[in-house]
Every structure is written in C-alpha cells, then in structure tokens.
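**Q** Sequence:
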Amino acid sequence: MCRWRGCPQPAHPLSANVLSRGIWKSMQERDLIEQIRQLVGTESADVLQGIGDDCAVVEKNATTVWLISMDTLVETVHFDLAWHPASQLGRKAVSVNVSDIAAMGGKPCFVLLSLGLPTDFAESWTTGLMEGIMGACSDYGCLLIGGDTVCSPGKAVLTLTVIGEMAREKVIYRHGAKVGDVVWVSGSLGNAAAGLDLFKSGSQDDLLRFQPLLDAHLDPTARVELGGLLAQSQKVHAMMDLSDGLATDLSHLCRQSNVGAIIMADQLPGQHLLREAAELLAANPVDWMIAGGEDYELLFTAAVDASAEVNRLARQSGCSLSAVGRIVAGCGVVLKNSSTRAEAVEQIISYQGYDHFKRKKS
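In the numbering used here, the protein residues as written are 2 to 363.
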C-alpha cells in the first residue's frame, strides 16, 4: 500500500512531548508541517487554500484572491556573511518569497519585513541590505509597506511576508497533476547548490571561473512573468517553485495530487559549467540537480498536447523549459538513469532534497 494514502496519521500531538529531544530528532520537516496543519483545524470559508501550498489563498472579492506567503533566511543556514554581500542578500530575501507568488501564477503587490540583527551590525551593512531589498521590490513591482525590527542574540534573521493577487479562477495549485502529464522545469537545475559548494571549498581562481553558479546562490530570480503567463493560459494542471530540490518538491506535488512521477536523468537541464564544477569538486552533478535546493525555478505539469503552448510562453518570457519526466499512477518519485545495459537503472528519490530537520550523518 502506498505510504502516502490509507495510512494512519502520527499519534502524538504537537506538544512539549513532541519537542523533546528524542521525538523531535525523528521528525522531518514535512512531519512538523503536517502536525501544525492538523492543529489548525477547519479553515474559514474565505480561505481557499491554507497550509500545504506555496501560498495561502484568501478571497479578496468575488473574482480576485490574495496570495500570502512567508519565508525566513537564517545566517549560517541560508547564507554566510563571509561571502554573501548585503545588497545581494537583500535581493535574495525578496526573490525567494516572490517565487512563491510566481509558483501560483500571481503578481506580487506588498512586502512585510521582520529583521533580527545582533547589536554589532554596521550601518553600512544594513544600508546595503535595504538597498538590495528595495531594488528587488522595484524589479518585481511590489512595495515594502512595514514590518518589525528586533535585536538578535546571535545570528542575523530575515523574515519576509509577500502578498500578491490574481484572478480566482486562474490560481494554479500543487494538487492538480494528472496521470500522463509531462513534468516541466524552467531554467537550469543545480546551479545554486554548486555555487554554494564552490564557496565552501573552491579557490579564488575557481570562484572567478564559475561566477554564474555563484550568482545563482547569491541572487536568484523569481519566474514571475512565466508563472503569470502559464496561469493565464490555463494549460497547467499543477505548479510549485523549486526551493528544496526537485526530488523533494516533486514529491510534495505528487503526494498532494495522489500520483507518482518518473524523471529521466538525461533530460535534467544542467549547464556545462555545472559539470565542470562537479569534476573540480569530485561531485555528482545529478545530485545537485535533484537534491541541491534553492533553484527557485518553476516545476509544473501539463498535458502532452499543451507542450507547444507552454514552450511558446516560455520563449515569450525569455526563459528556457525542459520536459524532464511524466506523471504516472501510484506514488513516489523515481529517477531513471540511462544505461549501456538493456534496461535503465531506476532509483527512488522521493524526499531526497533539502530538509531543515534531517539528521546529519555522524
């Protein structure tokens, strides 16, 4: 039986006992989210989508909805001040939040910022950070309208809430994928993960050589135009952005759609520079592409006969698209690798991307 359907929910409530050392370490991020979702209970009639998608969807009026999303960036978890300039960090904080709006096909409108900083941060650093935030807001056509500031006892923490809007009937959710759909991704995969690994272990010469990979980590771009065009076309059945890696994010989409997926390794869009970086660092580029995270590209499914139209829309937005697999009956995500043997090698990759609460190997 599929472990995603027909299985009992975890017995323990989200309580002090859950947060005890032993139980907490056994949980993964999706388990925590599910526990919280259960405690939230019944939603208001005005809430069309609550916990479980890229954004909450709240009714604005009879024809329009608000899209609301929040993301947090924590020093040493999402960024390192040793190599992340303040202005690019500000831009990234906005982009990763706006990416959630793009993933449902919406237009970003407003931003709220919560900023936690230690007392020793220089004024020049915060000026650079805010210049990056305001520059990104201008690029995406949204306004910073308020927020909160607080003294942090240790690391810098940035939390943004982004509010967008769109036509109610055009919203693209995660749960609409259908058996037979083509699985599409925009842009290239793995660049940000490779860039991060280069920062951690590459020499100065390597950093200069691989600047596009570094930029993918430092300053990603949300696919707002493409997301909007796809929503208007009404050709897309399910969509989300890629923040935790293809393996994990596609698993989320499949789970919510009650389907499975097969991904073809030789169809994954990786730049030649990515493969050069993998050779330098003795890494597997496919690992970066399926599990690296922070791509902030769009992942979506559409019927086979919509292929020409979605490719046309991608060209219109100046973005590349790759068909990387298909939706199948069942559950889970399988990566099929090319092989010189008669049959390809298949590997289950469900939820093998980034997880904040995954136990590290000792």
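For the record, the hints were derived by calculation from the structure and aren't laboratory data.
Watch out, some of these pointers could steer you wrong.
Said to hold, decoys possible - Computed Cβ-Cβ distance ranges for the label pairs, DEER-style: (1) THR120 / THR162: 23 to 31 Å; (2) ARG276 / THR65: 39 to 47 Å; (3) ASN285 / PRO213: 31 to 39 Å; (4) GLN233 / GLN268: 34 to 42 Å.
Using N, Cα and C, we set each Cβ at its ideal position, and we do this for glycine too.
**Q** Hints first: check each against the structure and report whether it holds.
**A** Do the hints match the structure? See the list:
Between THR120 and THR162 the C-beta distance comes to about 25 Å, which sits within the given range of 23 to 31 Å. Separated by about 45 Å at the C-beta atoms, ARG276 and THR65 satisfy the suggested range of 39 to 47 Å. Between ASN285 and PRO213, the C-beta spacing of about 20 Å breaks the proposed range 31 to 39 Å. Between GLN233 and GLN268, the C-beta spacing of about 27 Å breaks the proposed range 34 to 42 Å.
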